[in-house]
Amino acid sequence: MDQENLISLLMSSLRVAVPLIFAAYGGLLSERSGVIQIALEGFLLIGALAGAVTAHYTGSAWLGVLAAAAAGLTLAAVKAFFVLKLKVDQIIAGTAINLLAFGVAPFVTKVLFDSTGSTPSLPIEARFSSAPIFMAAALSLIMTYWFHKTRSGLSVQFAGEAPEALAVAGTSVLKTRWLSLMACGALAGIGGSTLSTYLSSAYSPNMTGGRGFIALAALIFGRWKPIPTLFACLFFGFTDALQIRLQGINSAIPVQFIQILPYLFTVIALAGFFGHSRAPKALGQSFDRG
Amino acid sequence: MKMFSSLLRSFLGFSVGLCLALALTALAGENPTHVLSVLLHSSFGSSYDFGLVLFYTTSLIFTGLAVCLPFQAGLFNIGAEGQLTMGALTMAAVGILWPQLGLPWAPLLAVSAGFSVAALWGFIPGWLRASRGSHEVIVTMMFNFIAAGISSYFVVGALKSVESQNPETASVGSGYLFKDFDPLHALSPDSPVNISLVIAIVLAVITWLVLNKSLWGYELKAVGQSPDAASTAGINAKKYKILSMLIAGGFAGLVGMNEILGSAGKFRLGFSPDYGFVGIAVALLARNNPLGIIFSAFLFGALQKGATDLDLETATITRDFAKILQAIIILAVAGFYSVQFLKVKKWIKKT
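Line by line, the protein sequences are chains A and B. In case it helps, numbering that gives the first Met the number 0 puts the first sequence at residues 0 to 289. In case it helps, numbering that gives the first Met the number 0 puts the second sequence at residues 0 to 350.
Quick caveat, the hints were computed from the structure, so don't treat them as lab data. Since we're looking at a predicted model, the values are computed, not measured. C-beta: ideal position from N, C-alpha, C; glycine also. Careful, some of the hints might be misleading.
[What the hints assert, rightly or not] Partial list, derived from the structure: chain A residues whose beta carbon lies under 10 Å from chain B:
#1 Phe81
#2 Leu85
#3 Thr94
#4 Ala95
#5 Ala164
#6 Ala166
#7 Gly169
#8 Ser200
#9 Ser203
#10 Gly209
#11 Ile219
#12 Ile243
[Said to hold, decoys possible] Restraint ranges, calculated between C-beta atoms of paired labels, are given here:
#13 B:Thr32 <-> A:Ser59: 55 to 61 Å
#14 B:Phe10 <-> A:Asn205: 42 to 48 Å
#15 B:Trp104 <-> A:Val110: 49 to 55 Å
#16 A:Ala130 <-> B:Asn235: 52 to 58 Å
Let's have the full structure, built from the sequences with the hints guiding it.
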C-alpha cells in the first residue's frame, strides 16, 4: 500500500469513527452512572432518521443535529422512565427500546415519504463536510475534563460505583442517572445524525448496521474510561474503514473476518486477557432511595 | 394466588401494550378496529395461515426456552440469535457436505451437529461468565455479531448456492428433509409447519418437569434465586450457570431444524425475523415458565403473522409494525410486573 492510499485510509477511519465516538461517550455517561446501555443502536437509528428528515425539510444539517439530539433524548427518557421509575430490568428495557426504534423508523418514513426505505437524498448544502470531526474532537476533550475534574462528573462516577455514598453526600442518585441517561440519548442521537448527514446523504433502513453495539464494545474495550474509549473508537473506525476498502478488491483476508474483529477484541478484553477490565460496581442495579 | 397474579399481570401488560400500539396506528390515520380485525383474522384465515403461525410458534418456543433456562440460573441470554444462526448454519453445512445420506441418519446427524455447535456458542459465554466474570449480556451480544459474520462468510463462500442469486446456501440432500414422514406437514402441505412443533412442545414440557420436579432443577433455581444460600448449601453454582447456557444454546440451535430440515432446505441469510430477541419477550410474558412459553410463543407468532398481513391490507403499516408491537408489549408487561399493586391501592386510598 503506497503512502497516498494509507493517508486516505486513515482519513476515512477518522470519518467513520465519528458516530462511534458520540455513541460511545453517550454509553459512557449511562454506564458509569450505573445503567447498562444496550440501546445505543436504537438511539443512533432514531438520530439518523431525525437528522435526515429535519435536514431535508429545513435545508440545514445543524438543525438536523438538534432534532437528532431531541429524538435520542426522548427515546432515552422513555427508557429512563421504565428503568429508573418503574425499575424494569435494564436489559429487557434496552431490548425493547431497540425494537421500538427499528419499528418506528420505517413507520415514520412510510407516513412522511410513502416509502419504507430511504429518505430523499439531501443536497450538498444540507450536509456536513467536515464539521462533525471537530465536534467529536471537542466532545472528547470536554468529556475527559468534565468527567475527571468537575463535581458533576464525579457524581456520575459515584452513581455507578457507590450510589449509597452519593446519596449520603446529599446528591440524588436517581436524578444523576436520569440526567446521564438523557444526555446519553442526546449524544448517541447526534452520532446517528452524522451517519445520515455526514457519512452519507440520506437515511436508509438499518443504516446503523450494528454501530451502536460497536460503540458499546469500544466503551468496554476502553475500560469505561474517556481517553481509552476514544482510542478504541478510532481503532474500530480503522477496522471499519479497512473492511469497506477491502470489499472492492479480492483480498486474502475475508471481509467478514475484519468485520467481526471489534466484537472479538471486546470478548477477549472482557475475558480479562488484556489486563484488568472492570465494570462499574453498581452497573445494572436499581437504586431505591433518593 | 401467585400464579393468578402472574397471569393477571401478563394479561394486563399484553392488553395495554396492544391498545397503545393500536392507538399509534390511529395517529397514522388508520382505523384501529380494522387493524385489530386484520390481526385477529390473519392467523386463522386458512390452514396455510394457521400453519405459518405455528411455524413461527415453533421457533419462538425454542428461543423462549433458550432465554428461560439461563434466567432461572440467574443469567441473561440475549445470544439466542447467534446460537440459532450457528445451529442452522451447521445443519445446512452437514446437509450439503454429505448429500447422499438417507433416513434416519441424515436428520439425526444434522440435528446433533447443529445442536452441538449452537450449544458451544452458548457454552463459551457461560464459561467466560463463570470462570472469568465476563458479563454474559455483552459477550452473548458480541457472539451474535460474530455468528452473523461467520454465516455470511460461508453463505457467500464455501456453501454458496450456484443456481440462486439470493444470499443463501445450496440445498441440503433430500434425505435430510422431514417432508416424507412428517404428519404435520401432511395436514397443511403448503405451509412450513412441521414436526419440529411437536418436538418444541415436548421439550418445553420436559424443561418444566426438570425445573420443577427434579433435584437438578431445584439446585439450578437455587443458584438463580439466592446465589449465597446456594453456595452455602454446597451447590456448584459455576456448573449450573455453564450448563444452563450450554443447553440454552442447543435449544436455540433447534430453530435451525424447524427452518432448514422442516421447511426451507437451505440456509438463507437473514431468515430469522429476530427470533432470538422475540424469545426474550416470549419468556418475559410467560414469566419464565416453560409451559407458559408454549402459549406466549403462539401469541407472538400470531402477531408476527398479523403484522405481515397488515403490510398488504393497510396504507401506512409495514411488516416492521411487529417490532413496535413487540416493543410496547415488552415494556407494558415488564412495567406491570414491576408495579406493586398494593402501593397503588394505598395511593388510591390516600388521594
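Worksheet item: That 52 to 58 Å hint for Ala130 of chain A and Asn235 of chain B (C-beta), does it hold up?
Response: Holds, since Ala130 of chain A and Asn235 of chain B (Cβ atoms, about 57 Å apart) stay within the stated range.
Worksheet item: CB of Thr32 of chain B to CB of Ser59 of chain A, is that within 55 to 61 Å?
Response: violated, 41 Å
Worksheet entry | Gly169 of chain A as chain B interface residue, shortest Cβ-Cβ below 10 Å | For Gly169 of chain A, the interface hint is violated, since the closest Cβ of chain B sits about 26 Å away, which is over 10 Å.
Discussion item. Given a cut of 10 Å on the nearest C-beta pair, is the interface hint for Ile243 of chain A held or broken against chain B?
Written reply: This hint is violated: Ile243 of chain A lies away from chain B, its Cβ roughly 15 Å from the closest one there, beyond 10 Å.
Worksheet item: Is the hint on Ala166 of chain A kept, meaning its closest Cβ partner in chain B is under 10 Å away?
Response: Nearest chain B Cβ about 21 Å off; hint violated.
Discussion item. Taking the Cβ atom of Trp104 of chain B and the Cβ atom of Val110 of chain A, is their distance within the range 49 to 55 Å?
Written reply: Since Trp104 of chain B and Val110 of chain A have Cβ atoms about 53 Å apart, the given range 49 to 55 Å holds.
Item to complete: Would you check whether Ser203 of chain A satisfies its interface hint, that is, whether its CB is within less than 10 Å of any CB in chain B?
Response: violated, 14 Å
Worksheet item: Within 42 to 48 Å or not, the Cβ separation of Phe10 of chain B and Asn205 of chain A?
Response: For Phe10 of chain B and Asn205 of chain A the Cβ distance comes to about 34 Å; the hint is violated.
Worksheet item: Any CB of chain B closer than 10 Å to the CB of Ala164 of chain A?
Response: At about 23 Å, which exceeds the 10 Å cut-off, the nearest Cβ of chain B leaves the hint on Ala164 of chain A violated.
Item to complete: Answer holds if the nearest beta-carbon of chain B is closer than 10 Å to that of Ala95 of chain A; otherwise answer violated.
Response: holds, 4 Å
Worksheet entry | Hint check: 10 Å Cβ-Cβ cutoff, Thr94 of chain A to chain B | holds, 6 Å
Worksheet item: With a cut-off of 10 Å, does the beta carbon of Gly209 of chain A approach a beta carbon of chain B closely enough for the hint to hold?
Response: Holds, about 6 Å.
Of the numbered hints listed earlier, those contradicted by the structure are 5, 6, 7, 8, 9, 12, 13 and 14.
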